[in-house]
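These are the residues of each chain, in order.
There are 2 protein chains.
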Amino acid sequence: MDKQVKVALDAMGGDNAPVETVKGAVEAVNLEPRLKVFLCGKEPEIRAELAKYQYNSDAIEIVHCSEVIETAEPPVKAVRNKKDSSMVKAMNLVKEGTCDALVTAGSSGAFLVGGQIIVGRIRGIDRPCLGTVVPTVSGVAFLLDCGANVDAKPLNLVQFAQMGSIYSENFLGVKSPRVGILNIGAEEEKGNALVKETFPLLKELTNINFIGSCEARDVCLDGADVIVAEAFAGNVCLKTMEGVSSALIKKIKGAMMSSLKTKIGALFIKSALKKTLKSFDTESYGGAPLLGCKGLLVKTHGSSSSRAFKNSLLQCIKFTDLEINEKIRQQLTETEE
Amino acid sequence: MDKQVKVALDAMGGDNAPVETVKGAVEAVNLEPRLKVFLCGKEPEIRAELAKYQYNSDAIEIVHCSEVIETAEPPVKAVRNKKDSSMVKAMNLVKEGTCDALVTAGSSGAFLVGGQIIVGRIRGIDRPCLGTVVPTVSGVAFLLDCGANVDAKPLNLVQFAQMGSIYSENFLGVKSPRVGILNIGAEEEKGNALVKETFPLLKELTNINFIGSCEARDVCLDGADVIVAEAFAGNVCLKTMEGVSSALIKKIKGAMMSSLKTKIGALFIKSALKKTLKSFDTESYGGAPLLGCKGLLVKTHGSSSSRAFKNSLLQCIKFTDLEINEKIRQQLTETEE
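Going down the list, the sequences are from chains A and V.
First residue of the first sequence: 1, per the numbering used here; consecutive thereafter.
First residue of the second sequence: 1, per the numbering used here; consecutive thereafter.
A few of these clues could be false.
Simulated restraints, written as ranges between beta carbons of each label pair [claimed, not checked]:
#1 T71/V x K274/A: 33 to 41 angstroms
#2 S138/V x N30/A: 29 to 37 angstroms
#3 E187/V x K318/A: 29 to 37 angstroms
#4 A186/V x Q330/A: 33 to 41 angstroms
#5 Y53/A x R307/V: 53 to 61 angstroms
#6 D15/V x G254/A: 30 to 38 angstroms
#7 E96/A x G254/V: 45 to 53 angstroms
#8 G173/V x L172/A: 41 to 49 angstroms
#9 E43/A x S284/V: 55 to 63 angstroms
The hints are simulated quantities; they were obtained by calculation from the structure and are not laboratory data.
For every residue, glycine included, the Cβ atom is placed at its ideal position computed from N, Cα and C.
With the sequences and hints as input, model every part of the structure.
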């Protein structure tokens with residue numbers, strides 16, 4: 001386990017770049033001597049940020065890029081035209097084998113397109129998918145695909161289920177993870193055409209613990225450890241979670257500040273509540289992996305803090321040590337036989 | 001506005017039937033002299049419940065039914081075979097014109113099938129859809145289709161948008177409601193094949209205020225007044241809301257009971273918090289209407305209380321008074337011209 005792990009970090013990606021990206025990189029290399037970070041972005045800006053910190057200078061390398069892909073740009077065009085952007089250059093570092101992994105908080109669209117066009121899929125994987133660790137009442141679950149490939153075919157969902165199961169078992173440490181398919185009812189005959197076609201294929205798989213349908217209501221209520229979905233539905237599920245949590249927390253904060261009495265009560269509850277709500281924050285698990293690509297490509301939230309970048313960089317070491325991509329390769333070869 | 005409104009209530013539907021159904025019926029007729037309720041179900045059980053209350057006996061009629069459709073039964077088969085069930089008999093009362101509307105907390109599947117097979121669609125409506133009032137930070141929004149017809153075509157979504165807009169404007173009182181299509185990105189080029197095909201059709205409509213895409217994250221954050229979705233995605237959105245709210249409230253309650261200190265704090269906050277969470281409860285708006293059918297067919301939650309039944313019965317009066325189905329008929333004739 002002494003192997004160095006090299007990660008390309010899109011230093012210009014996200015709302016708080018390069019301040020938080022550089023800070024996260026320094027925190028990560030100071031914590032983990034095996035990590036080497038390639039900071040891709042505008043060199044003068046990155047240097048100015050780096051000057052604030054103490055760190056082993058061998059552990060961080062700057063890869064100068066003159067361009068940045070903006071969130072609003074059409075992804076395919078941006079990836080094709082902006083060859084000197086931080087995102088594209090970071091992708092190329094993974095493609096050519098200089099880096100084992102990539103972390104970005106930049107444009108989701110460019111990330112998904114670049115991952116598939118530049119870095120490329122593992123042989124045998126028809127389409128990659130975006131997985132996300134989501135909070136549940138008693139822990140976390142793994143939801144995929146959260147938006148990489150809409151209008152997927154049954155074969156794709158079957159591969160997502162297997163990749164999700166491997167990620168959950170190895171990375172999240174869930175023994176024999178319960179895999180469910182996101183559905184609008186608990187029974188086998190429920191669902192749309194895609195789910196009905198996919199269901200029997202999942203039942204046939206011997207290398208996952210398929211438990212049947214998982215209703216959206218049960219995703220946060222420990223209904224399954226891995227929830228497989230077509231990208232549109234998966235994205236709706238994930239984004240609804242974010243919206244409802246945000247709305248509900250806003251409402252509760254409002255209630256606590258509504259009178260002198262409630263403000264006093266809030267003082268008593270504050271720290272316990274903060275701790276509870278933190279357990280609903282999955283930042284410690286790193287970012288969302290685009291599974292099925294060569295190397296590890298990780299997308300973190302646009303609003304990521306240095307802590308999120310640090311955790312995503314450490315996630316890359318764990319992912320590499322656990323040889324998750326090798327396990328995916330092996331399992332898919334077995335399935336093909 | 002002196003017209004009597006006759007509603008068939010599936011007295012055996014829901015977890016707490018017939019106790020809560022009968023109680024809700026009595027509460028509603030005592031509040032609204034124009035209401036007449038036809039309680040469909042097992043006569044001896046209904047009579048025993050009715051004996052507990054004071055009410056105008058002309059306002060409630062019992063329609064004896066020997067059968068009940070269970071939640072787990074395959075819906076099509078149940079609706080075809082159980083001719084003497086409370087759900088089917090209530091549907092027939094609407095079909096034959098004895099009743100203006102129906103309320104049930106019974107099997108969702110049987111409700112959706114029965115509505116379409118027994119009661120039937122308004123002429124010109126290709127498929128009905130299930131609409132639900134959902135809570136937002138500052139009020140409510142109307143989400144449809146929440147599960148009536150999966151794998152819809154663009155034409156269906158166009159009709160859902162128009163029906164949703166009419167319901168929002170008339171029933172919920174929103175002036176020129178902002179209609180959005182549920183999508184996985186804010187831009188027009190985002191989405192799956194169905195959304196991309198539907199988007200330009202919605203843009204062309206002159207009788208709705210179409211504002212473009214609404215991401216799932218923004219449904220609860222006042223992103224639109226009416227959110228149009230294909231049934232699978234709509235159902236995932238709705239059910240995720242329920243699951244996340246339930247998980248989050250469980251967590252927060254746990255935090256408040258975690259120590260003596262927090263318990264004291266909870267005493268100060270309790271009533272304000274209850275009031276806040278109540279604004280996240282949409283029971284006062286009645287149940288979910290299956291729009292596009294003749295008459296009004298309302299589905300309430302399986303766990304409905306008498307209050308939910310009462311509100312759904314009153315909803316039927318408002319819906320009839322506002323002539324919402326006539327407005328739907330008119331607008332669709334205009335669109336066809």
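Hints and how they fare:
A hinted range of 33 to 41 angstroms for the beta carbons of T71/V and K274/A is consistent with their spacing of about 40 angstroms. Checked against the hint of 29 to 37 angstroms, the C-beta distance between S138/V and N30/A comes to roughly 45 angstroms, which is inconsistent with it. One distance hint, 29 to 37 angstroms for the beta-carbon pair E187/V and K318/A, holds here, with the actual separation near 35 angstroms. For A186/V paired with Q330/A, a C-beta distance near 40 angstroms keeps the hint of 33 to 41 angstroms intact.
With their beta carbons about 60 angstroms apart, Y53/A and R307/V fall inside the hinted range of 53 to 61 angstroms. A hinted range of 30 to 38 angstroms for the beta carbons of D15/V and G254/A is consistent with their spacing of about 32 angstroms. Take E96/A and G254/V: their Cβ atoms lie about 50 angstroms apart, and the range 45 to 53 angstroms holds. In this structure the supplied range 41 to 49 angstroms holds for G173/V paired with L172/A, their Cβ-Cβ distance being about 47 angstroms.
The beta-carbon spacing between E43/A and S284/V, approximately 60 angstroms, falls within the hinted interval of 55 to 63 angstroms.
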